[in-house]
Each structure stands twice: as structure tokens, then as C-alpha cells.
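J.: Residues per chain, in single letters:
Number of protein chains: 2
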Amino acid sequence: MNRVTHLLGIKYPIIQGGMVWCSGWRLAAAVSNAGGLGLLGAGSMNPDLLLEHIQKLKGATQLPFGVNIPLLFQHSEEMIELVIREKVPVVFTSAGSPKKYTNKLKQHGITVVHVVSSAMFAEKSQEAGVDAVVAEGFEAGGHNGRDETTTLTLVELVRKRVSIPVIAAGGIATGAAMAAVQVLGADGIQIGSLFASSLESSASMTFKNRVVEAIEGETVLTLKKLAPVRMMKNEFCNRVLQMENSGADADALKAELGRGRSRKGIFEGDLTEGELEIGQSSAHISGVRTVNEIFNQLIEEYTIACDNLDNKFV
Amino acid sequence: MNRVTHLLGIKYPIIQGGMVWCSGWRLAAAVSNAGGLGLLGAGSMNPDLLLEHIQKLKGATQLPFGVNIPLLFQHSEEMIELVIREKVPVVFTSAGSPKKYTNKLKQHGITVVHVVSSAMFAEKSQEAGVDAVVAEGFEAGGHNGRDETTTLTLVELVRKRVSIPVIAAGGIATGAAMAAVQVLGADGIQIGSLFASSLESSASMTFKNRVVEAIEGETVLTLKKLAPVRMMKNEFCNRVLQMENSGADADALKAELGRGRSRKGIFEGDLTEGELEIGQSSAHISGVRTVNEIFNQLIEEYTIACDNLDNKFV
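Residue numbers (my numbering), protein chains in the order written: chain A, 1 to 314; chain B, 1 to 314.
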């Protein structure tokens, strides 16, 4: 039992990130049933679809689960009402101010966790009354902070700044990384890429296989003039990088991005023209596995990694 | 005793990075005398000055020390001859191919360590016969890799790829970070920024105080069209960022950079127009301390951080 398992009512302090086009009810149910916390990724759903996923998820697990709601998302207000109505036990909020809905959610007995990419925002989140923060570093896939602070640097800064539980995210796809961030003071972890590539993820099998093949250096943080996103390099991404090198402005980048790129890449499996959001930890992923296999492997690796401290440096 | 302390003949597997304008004989002697490995940073010296520093360093410590030689540096060949003549026990090479001088140095009984920013180059370094590699992540100050792989991601990738000792670098300025990279499989650590700000560093006190004041998000990896460098944001850096945003090419950036910027910033303490090379871990540094104080603090923090694993996640 630690602070995160206690707070969320789960067995292992392992949270599956609420990722667009990956985190539907099948993935969330599998993770919650394995002893972690499964999250629905509301960012690629409309409210009707979210309701459907919440209901299916309730039918597939008796254990705690949550929903991730990006606060700048057009449907966020409606979704906040929806998760309250549906008595969703945990809500992760991201990309927006934690002041906006935290009180309201907590008044309805919902546990609130906010995702931050800096220690300053971790402190503001604590002031806003959230129950825990996710400290997500530069290596994470998808939307990312502007300061480019890495998980190694960030987790300890956040740990020193807040007293509430800290969940580390970004670059964690192995049990060794899990143990490393615990050493830095994290009370739990959030994993994205590894679960994005799991059998139960809603992503296209073509996308999952591409993630498995990914080697070091194949992802890049780009679109910084819009909102920074880490994605895998492909034809689309290379055009964006080229445009950025030549000084393209936000409007030109927005036009190049267009609409539906992440759906095209992740859900439809268009590896050349889709936006393939994924983290640096993709280089550590060696197969499409079931959520249960992933949990078993993480636990085994974690135990081995802890032994690395047996022969102390000092 | 671990593989790094054994290889280098030192007490603690703590190496002080060979940093331009910081790592002279005073700093290197203090680190070696404290039980780590002090390195002279040859990148900001000419061969005559390097000889002077080697001789003064020999007079100031009886313990092992080393020299860091950037291989693309104009004086590198002459410096290789110099360190052989002077019987320097350890040479760290960086920024160039490890194939070039490793055999020659080892024939003269010198221990060779090469600095890499990717697992692929770690493997090539091992093939070239080096005794150990430094795996340096994106958060590190000064010159940096093109793949932007963070220390958390990189160290484990390198660990899986090579059998020789791995020294983690980038983002390490606390005992907790030291323990975290050990969990990831590192056999030792290299610290830059924290020693750059030490009392014994050759850097200007103005620069050191600025490093101490630095908060999260104040460094940025820039000059990517030349060779990527992490530096602190200031007037000079902001002009470069502005130029890059507007699509400036390598020639224009080279002209803006000019010559002697790092000397101006680090050694002369020009905080507005100098190039202030420093890592993300500057956000963790809270005072200008002696090397001995730094060692004591690292050891104390390291011991506390190891205890974070007492209450296991799984």
C-alpha cells in the first residue's frame, strides 16, 4: 500500500494514460482488472461516445477506473457534467487550469488528478485542491510541455515542491524506469506508449507494429508554434520539420496539420500521412502484448532493477 | 567497489565532466581528492595551457585524474600526443569517432572512455575498444546529441546494448538522480552543472551565481542547425531562438554566434551576451559550494533516496 494505491483504491500504482485513439473501454478495463488504474481518453471522443465507453467499462470491471479530460477540449464542460452524472470515481484533467473544475468534481466525491509539465504548475494544482499530480516529462508522447523538462529532472523538482502524491510520466515503459522514478520520489507511474501498443489498445494494429519497430531517435517534439507534440517521424512529420526549419508560422503549420491527423495515424494506421503520437520509450517496446503480459513483465523488471541498488555507489 | 571505481581506481563512481571554462586543475584536483575522478576540460585550452594544467594537477593530487578531449577540436591530435607524453591515466573523448585514437591511447596504458548520446554510438564505441561509455541525455548542458534522447530513456537503452561499464550523464545534480540512474543500470555518473557552479570551478562567480538562481525552464537546447547546445536563456540566446523561429540558416546562426561566446559567458561572466552553457539540473542547484560540500551532500541525498525503494511499488 502506498499513497497512490490508497488514494485510487488500486493494487499497483500503475496508471494507464488516457490517450487519444488508444484508451477505450477495452484497454481501461484490462488495466483496472490487472490491478492498475485504467483511464478512458476523452480527447478523441464526443460526449455520446464517452458515455458509451463509460457504460461498457462499468460492465467490464468492478474495479476503480477514470476518465482523462483535456480541459481546453471543446467538449470538456459537457464531459465534466457527464462524469459527475455517471459517478466516475477518478478524473484526470490536463491541458488547462486545474482551478476550473476541481472543486466541483471533488464536491461530487470524485478524485481529481491534474497533469503538469512543470513544478510551478504542480504547485498551482495543489493550491487548486487536486488529490495528486502527474509530472510528465519531455520524453512523453503526444502533447507536451513548453519547458522541455525531462522526467529525471521534473519528478524530483515536483516532489520537492508539493506534498500531495506525485505520479511520474514520460519515458516509462520498463520496470527499471518505474523503480528509477520511485527513487526520485514518485508515488506512482503513468504509462502511455507501452499501453498504446498493447493488444487491448484501440489503436490500429499497423500503428502498434510501427511502435514496436521504433528505435531510438525516431520520435521528435514538434509543432512547438502550436502546441508541442511528440510524434514518430514520417512523411507528414518530416514536412512539418522542414517547414519549421524554414520559419513557417503557426497558421501555415495549422494548415499543414489540418484536421483528423492523429485519428488517421493512430486509429486508421496511415503510417505516412497520419500523426503518430508516441513517446521516446517506444524504443524500449519489443512486442504487441496483452495488458496482463505487460503487468507481469513490468513487475519482473521492477524487481530486478531494485536489486541494482544492492551494491551501493557510496 | 563497482566496475567504474575499479576501472578508474577511485573511491566513488562520480566523475566531474570536462567542461569548457570550468574544468581547470583546481576543480579536477578537488574532485579527485574527494574520491571522484576530476577531468580537465581541454576544449577551452590550447596545448600549452593544457600542459600547464596537467602539471599543476599532478602537483595537487596523487590520485587518478583525466582529460576530456573533444575529437573534432582543432588541437585534438596534438593533445592526444600530449596526454600520452604526460602519462595521463584516463582520457575521455567526445564529439568524434572513438575509432580514431582509442587503440593508440590504450597501447600507452591509458584508460579510454567515450561520451555518446545514443545506444548505437555506445555499441560502436565498445567495438572500437573503449573501456567505458558516458551515456549523456538531452537534459545535459553544453554540446548535446541530435536525437534528443533523455537520460531516463538513454541509460537503459545503452545498458541493454553494451557490456562495458556505463556512466550516466545529463540531469544529475542530486543524490536521488544518482540512485535513479543506478537503478537504470548505470555503473557510475558524470556530473557537469553542479561542479560548474562549485567554488573550485574556473567559471566566473557571476556565472556561478546565475546558475544557482536558475529555475526550471530557463535552459534550452538550441543552435540545432550547427551543433546542438543547451544554454541558459539570455539576450544572446533569445536572439538565436528568434532567428531560428524565422528560419535562419546555419551561416546566419554561425555569424550571430561569432567566436568566444562561451568564454564571454562562462569565464568572463557576461550574462547578457555570453553563451551560458548549463544543464536542466541547474534548477536543482541551490548554492555555490566547495567540491567537498558537494560530495557530502550527494552522498547524504543518495542514501535517503535509496530508502525510497523500501516500500516497493509491487
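No lab work stands behind these hints, which were simulated from the structure alone. Treat the hints with care, as some may be off.
Taking lysine-lysine and the DSSO-like style, the derived pairs with C-alpha atoms no more than 27 Å apart in a straight line are [to be verified]:
(1) A:K224 x B:K11
(2) B:K225 x A:K224
(3) B:K254 x A:K312
(4) A:K124 x A:K104
J.: With reference to the structure, classify each hint as holding or not holding.
T.: A quick look at each hint next to the structure:
This hinted pair does not check out: K224 of chain A and K11 of chain B have alpha carbons roughly 44 Å apart, beyond 27 Å. Taking the CA atoms of K225 of chain B and K224 of chain A, the gap is near 17 Å; set against the 27 Å cutoff, the hint holds. Proposed proximity of K254 of chain B and K312 of chain A is contradicted: the alpha carbons are some 45 Å apart, above 27 Å. Distance hint between K124 of chain A and K104 of chain A is fulfilled; the C-alpha atoms sit about 17 Å from each other, no more than 27 Å.
In the structure shown, a violation is registered for the earlier hints numbered 1, 3, in ascending order.
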